[in-house]
Amino acid sequence: MQHKEAEIISPPGEGLTIGARTLRSRLILGSGGFTSLELLAGAVEASGTALVTVAMRRVEATARGSLIELLDGLGVGVLPNTAGCFTARDAVRTAQLAREALQTNWIKLEVIGDEQTLLPDAAELLVAAEQLVDDGFVVLPYTTDDPILARRLEDAGCAAVMPLGSPIGSGMGICNPYNIALICERAGVPVVLDAGVGTASDAALAMELGCAAVLCASAISRAEEPVAMARAIAAAVVAGHQARGAGRIPRRRFASASSPHEGMPDLG
Amino acid sequence: MIYVNGDEQQDATTVAALLERLGFGERARGLAVALDGEVVPRSEWHSAQLAPGARVEVVGATQGG
Numbered sequence: 002m003q004h005k006e007a008e009i010i011s012p013p014g015e016g017l018t019i020g021a022r023t024l025r026s027r028l029i030l031g032s033g034g035f036t037s038l039e040l041l042a043g044a045v046e047a048s049g050t051a052l053v054t055v056a057m058r059r060v061e062a063t064a065r066g067s068l069i070e071l072l073d074g075l076g077v078g079v080l081p082n083t084a085g086c087f088t089a090r091d092a093v094r095t096a097q098l099a100r101e102a103l104q105t106n107w108i109k110l111e112v113i114g115d116e117q118t119l120l121p122d123a124a125e126l127l128v129a130a131e132q133l134v135d136d137g138f139v140v141l142p143y144t145t146d147d148p149i150l151a152r153r154l155e156d157a158g159c160a161a162v163m164p165l166g167s168p169i170g171s172g173m174g175i176c177n178p179y180n181i182a183l184i185c186e187r188a189g190v191p192v193v194l195d196a197g198v199g200t201a202s203d204a205a206l207a208m209e210l211g212c213a214a215v216l217c218a219s220a221i222s223r224a225e226e227p228v229a230m231a232r233a234i235a236a237a238v239v240a241g242h243q244a245r246g247a248g249r250i251p252r253r254r255f256a257s258a259s260s261p262h263e264g265m266p267d268l269g
Numbered sequence: 934m935i936y937v938n939g940d941e942q943q944d945a946t947t948v949a950a951l952l953e954r955l956g957f958g959e960r961a962r963g964l965a966v967a968l969d970g971e972v973v974p975r976s977e978w979h980s981a982q983l984a985p986g987a988r989v990e991v992v993g994a995t996q997g998g
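If you're matching them up, the sequences are chains A and B in order. The first sequence begins at 2 in our numbering and counts up by one. The second sequence begins at 934 in our numbering and counts up by one.
Just chain B, with the same shape it has in the complex (with noise of 0.2 Å):
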């Protein structure tokens, strides 16, 4: 199990297969991912292992400020 945004999921292997899985697709522009607190780059969503009980927080923008 990991976390999504607070929620919980199934688990997945990398940054990229997760947001493929949940349907934000790879390219979707105005998106950034935290793991486990840390930023994670765009450039190393492929690489990026999701160990179980990651925290992963994915944000883009909102109306604000």
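Bound conformation, chain A alone (with noise of 0.2 Å):
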């Protein structure tokens, strides 16, 4: 079983797939947190990123475009999100607006249930994916870690699912592997991290449970140095995709000797 699920794991190297595109990076990142676009320009090279997620937000006459004029520049990809919104009316009316303004139908689907946590509200959250899947778009909802709602937004004919390791910007990595992995090993569209990764090892460690990528903002934009840690987290999330392919042993109560038992000399 676990030798038949590495074969299926697209070799090292191979883009990632989401709906009709296929991307070369499994690593998502968000452009939340940045103190500077210099600083987001220098992450979005060093991740080697093909994707970069956007809010949509009120917009002064004077201080237009900058932002997405340094993503298209740098070639990659935009991915507007509906962070902020508490209703499925609201996300749906959201991501509209970005349909209009960013002319693509991709969506990062947000629907927030409360301020402390962040969490995401269930039931909206799969009212607004029905409606956006029947308006045409691809849709990449930002759930809880529940398989049954992973299957339920797959159900509904999400392209992706993207389950929270812990709470957004909190950097407690992953609170729950089990979940992550069970939503994994049922899911048939690919499976994102979002949110919760603190460095590296947790990026690494949602790629060794089968997720297909990870989508991180706060871990990068706000570590003591950006650009290093963005560097850091696409190898782990290339280390840890590997990982999984090669197949890891299995974890075990007592110690399994490498070296032979038979030939010990008698040393009487």
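In case anyone wonders, no lab produced these hints; they're calculated from the structure. Every clue listed holds true.
Each pair of labels, with its calculated beta carbon distance range:
(1) B/Asn938 / A/Asp115: 24 to 32 Å
(2) B/Arg988 / A/Arg249: 52 to 60 Å
(3) B/Gly939 / A/Gly248: 53 to 61 Å
(4) A/Glu15 / B/Pro974: 34 to 42 Å
(5) A/Gly78 / B/Gly986: 33 to 41 Å
Some chain B residues flagged as far from chain A (calculated, every beta-carbon gap over 10 Å):
(6) Asp944
(7) Ala945
(8) Thr946
(9) Thr947
(10) Ala949
(11) Ala950
(12) Ser980
(13) Gln982
(14) Leu983
(15) Ala984
(16) Pro985
(17) Gly986
(18) Arg988
Heads up, the beta-carbon is just placed ideally off N, CA and C, and yes, glycines get one too.
Taking the hints as your guide, dock the two standalone chains into a single complex.
As structure tokens, this is what we get:
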């Protein structure tokens, strides 16, 4: 079983296919939290990412364009989100505005239930996902690590599912690796670990558990050295993906000698 | 009086006229407009009338997520 699973994992270096699009990197970068566009540009380059998230907000006549122009210039795709929306209605409207503004039908769907935890509102999320799929969007929902909700989102037609490892910006890593593994084993669409990554090892673990990609914002943008952390997390995503494909040894409680028992000299 | 991104503004006839007056320019890439909570496609900016009290939102991409 383990071996068979390993065979179907794409070889290292192969891109990430979501919907009809194949991305050259399995790291999706969140643009939030960078203190300057220069730092964001440095992290985009160091990460090797092909897709960067943006939020939709009110704009002034004097202050438009520079972020999108920067990302266009770096040759990366833009993934708008519905961050800050608390209802399906607001999330759907925000997605429609993003499609109109950015000429993309891809949307990172977020419907938040609570200011303090920023955890998804499962009921509103599913309603929004159904409406957006019907409206022709390629929907990538930010969801809890609930395998049943992940399945419901996939059944609704989402192009990927993006469970959290732990709350947004918490840096607590993957609090329930069992659930992430369960989602990965049963999903028919790519699973992207979204939220919770604190450092490189968290990203590697996500890939080892079977995730197809990792989405990372704060862990990079709020690191002491964001560009260096972008490089480290990118390497961890590749390492974790390769380790998953290589098939790890099973865990066991007692030692298992790697040197032979036979042929021991008698040193009586 | 109409409301643009929450601020009071003088009346304007259409979405296109409003954006022009505010300095956005019709071709401004990366913008989207909602009128009273509904998205107005770019192709309808010239025809979308603004009644007194209209609530207009002008949005674009910013860092996030």
